[in-house]
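Asker: If you want the building blocks of each chain, they are given just below.
There are 4 protein chains.
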Amino acid sequence: MGEAAPISSSAIRLDADALNAFMAEAFPHSAPGSRGAVVSAVPGHIQARMEPTELALRPGGLISGPTQMGFADMAAYALVLAHIGPVAMAVTSALNYQFLRPCRPGPLFADAHMLRLGKRLAVMDVRIWTDDPNKPVGQANVTYAIP
Amino acid sequence: MGEAAPISSSAIRLDADALNAFMAEAFPHSAPGSRGAVVSAVPGHIQARMEPTELALRPGGLISGPTQMGFADMAAYALVLAHIGPVAMAVTSALNYQFLRPCRPGPLFADAHMLRLGKRLAVMDVRIWTDDPNKPVGQANVTYAIP
Amino acid sequence: MGEAAPISSSAIRLDADALNAFMAEAFPHSAPGSRGAVVSAVPGHIQARMEPTELALRPGGLISGPTQMGFADMAAYALVLAHIGPVAMAVTSALNYQFLRPCRPGPLFADAHMLRLGKRLAVMDVRIWTDDPNKPVGQANVTYAIP
Amino acid sequence: MGEAAPISSSAIRLDADALNAFMAEAFPHSAPGSRGAVVSAVPGHIQARMEPTELALRPGGLISGPTQMGFADMAAYALVLAHIGPVAMAVTSALNYQFLRPCRPGPLFADAHMLRLGKRLAVMDVRIWTDDPNKPVGQANVTYAIP
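Residue numbers (numbering that gives the first Met the number 0), protein chains in the order written: chain P, 0 to 146; chain W, 0 to 146; chain V, 0 to 146; chain D, 0 to 146.
Simulated from the structure, these hints should not be mistaken for laboratory data.
Remember, it's a predicted structure, so these values are computed and weren't measured experimentally.
Glycine included, each C-beta is placed from N, C-alpha and C at the ideal position.
Be careful, since some hints might not be right.
[Stated by the list, open to error] Only pairs whose alpha carbons sit at most 35 Å apart, straight line, appear in this in silico DSBU-like list of lysine-lysine:
#, chain 1, residue 1, chain 2, residue 2
1, P, K134, P, K118
2, D, K118, P, K134
3, W, K118, D, K118
4, V, K134, W, K118
5, V, K134, D, K118
6, D, K134, V, K118
7, V, K118, V, K134
8, P, K134, W, K134
9, W, K134, V, K118
10, D, K118, D, K134
11, P, K118, W, K134
12, W, K118, P, K134
13, P, K118, V, K118
14, V, K134, D, K134
15, W, K134, W, K118
16, D, K134, P, K118
[Unchecked claim] Some residues of chain D that are not near chain P, with every Cβ distance over 10 Å (derived):
#, residue
17, G117
18, P132
19, I145
Using the sequences and the hints given, assemble the complete structure.
Answerer: What follows is the structure, encoded as structure tokens:
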């Protein structure tokens, strides 16, 4: 809200490799599998992929909600960092998650798009999907506060 | 979110004209301008347009939040009706609205996309914009309960 | 959510009368009835009341969703102003509304509570009810950006 | 939101011990610590407690967002089950989380209150806190679909 964004979203400051290296250092206690990895990063969009372990399952053999939400949060964090650079203390301000379809085990993908990158807040749309990007298992709206 | 959707989103039951006629009858007390009108309806997507009056302004001369949220709700309602037919009692179950940019006076557009159409719930993404669809003034996630 | 809040929520800067006077000036085009009025304001909480007109009805004779959301937004705005003073340009950053029960015609009440008042963002819980505060017709989570 | 709730929230069907036993069986892969435990369950309200491990930390030494959201989801699930009985397939339909304050390491508490228990949907308010329930670190609005 407020004034025009001073930070351009027309270029990225960290590419996929740099984002993965940064997050491996920022979250030393998490296994890469549980966190997922950025696959591509372009202005306004990143895609990430994760392979949930059996720890991520809920009754019915589906991928649990917190696993999906954590992955959406990671994708949003990566999208913010791709644009503002390696600022570990960017923090989630709000995350709204809609569960859309049963999430069957297997690789999970996240497409995160920037809706607005302001001076103080970044608002993003994140879609989580398994085999068909047009049938997302979940959709998130994520707001990050920029320090 | 339960079982697969039995209602196909591959065809629409009401086109733009039929939607506008239905809503004029359903909301006899509202002026068409304040409610907006459906411009196009295809499977999975409708676009609507409204011309806010001066009643819709807030301090600073911007279009008020409730005006934007009401328009997003109308667009979502139209998208549901386009797919399930003229069921007046479909009701909003939740509406999450993110205000992204100042909304300057002038025609407002809404693009509503179906994220999932189930037997009991329809979940939609709605973007509100003025002059540039890639710079939305707001984004809504709207859930309708289907009777 | 960043640093500790410098703005105390242990005292209010505008009472109910001052809030109503401020909003009457800020929204000269809206009738007081359509906007509602602040009934009480204490640290961390305001209560508001409105009498919806027939313009606020939706099919089924219920109070429309946008009317409820607009009232929740007004209550949140009043709660922010009560704490930070008459700053017209505080703007809604996000509003999440859950529709809980059919909203029958008659006076509407809003109880808005401050969840956190920070330097840049205020996050509030708002309950909308008609005859029983323990059976709200809707619940909102509203975030305001503070200029 | 449809018709009046047929399920009474004036009595609970599972108490704290029964809820913990049920969840230990439903989530055999999760350690109790990572999942938290129900401390008390009364009509309309449950309280839960968890002790985050170092796996739950994010940069800055704070409890990560996904840990908080997962705990809020668990508390909401327990509140639903307390009222409808041991129905493992109740699933989260939406979870909106507001991050309010930095979440420092140490025991986490969740207070989950029922906003509405309907036939098909349960909507709950969840507050997550550490040392002061009046200064929550996060607030969630959680919707469960009831099979």
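Asker: For a C-alpha distance cap of 35 Å, please report whether W:K134 and V:K118 respect it.
Answerer: Holds. W:K134 to V:K118 sits at ~27 Å (cutoff 35 Å).
Asker: Measure nothing beyond the straight line between the CA atoms of P:K134 and P:K118; if it is 35 Å or shorter, mark the hint as holding.
Answerer: holds, 33 Å
Asker: Holds or violated: are the alpha carbons of W:K118 and D:K118 at most 35 Å from each other?
Answerer: holds, 15 Å
Asker: When you check the alpha-carbon spacing of W:K134 and W:K118, does it fall within 35 Å?
Answerer: holds, 33 Å
Asker: Given the proposed pairing of D:K118 with P:K134, does the C-alpha separation stay at or below 35 Å?
Answerer: Distance ~27 Å between D:K118 and P:K134 Cα, so the pair holds.
Asker: Can the restraint linking P:K134 and W:K134 be considered satisfied, given a maximum Cα separation of 35 Å?
Answerer: holds, 25 Å
Asker: Given the hint that V:K134 pairs with D:K118, does the C-alpha gap stay at or below 35 Å?
Answerer: Given pair V:K134, D:K118 holds - Cα atoms ~16 Å apart, limit 35 Å.
Asker: Given the proposed pairing of V:K134 with W:K118, does the C-alpha separation stay at or below 35 Å?
Answerer: holds, 27 Å
Asker: Checking one constraint from the list: CA of W:K118 to CA of P:K134, max 35 Å. Satisfied?
Answerer: holds, 16 Å
Asker: Between D:K118 and D:K134, does the CA-CA distance stay at or below 35 Å?
Answerer: Holds, at about 33 Å.
Asker: For the pair supplied as a hint, D:K134 and V:K118, confirm whether the alpha-carbon distance does not exceed 35 Å.
Answerer: holds, 16 Å
Asker: Tell me if the straight-line CA distance from D:K134 to P:K118 falls inside 35 Å.
Answerer: With Cα atoms ~27 Å apart, D:K134 and P:K118 stay inside 35 Å; holds.
Checked against the numbered hints listed earlier, the structure breaks none of them; every hint is satisfied.
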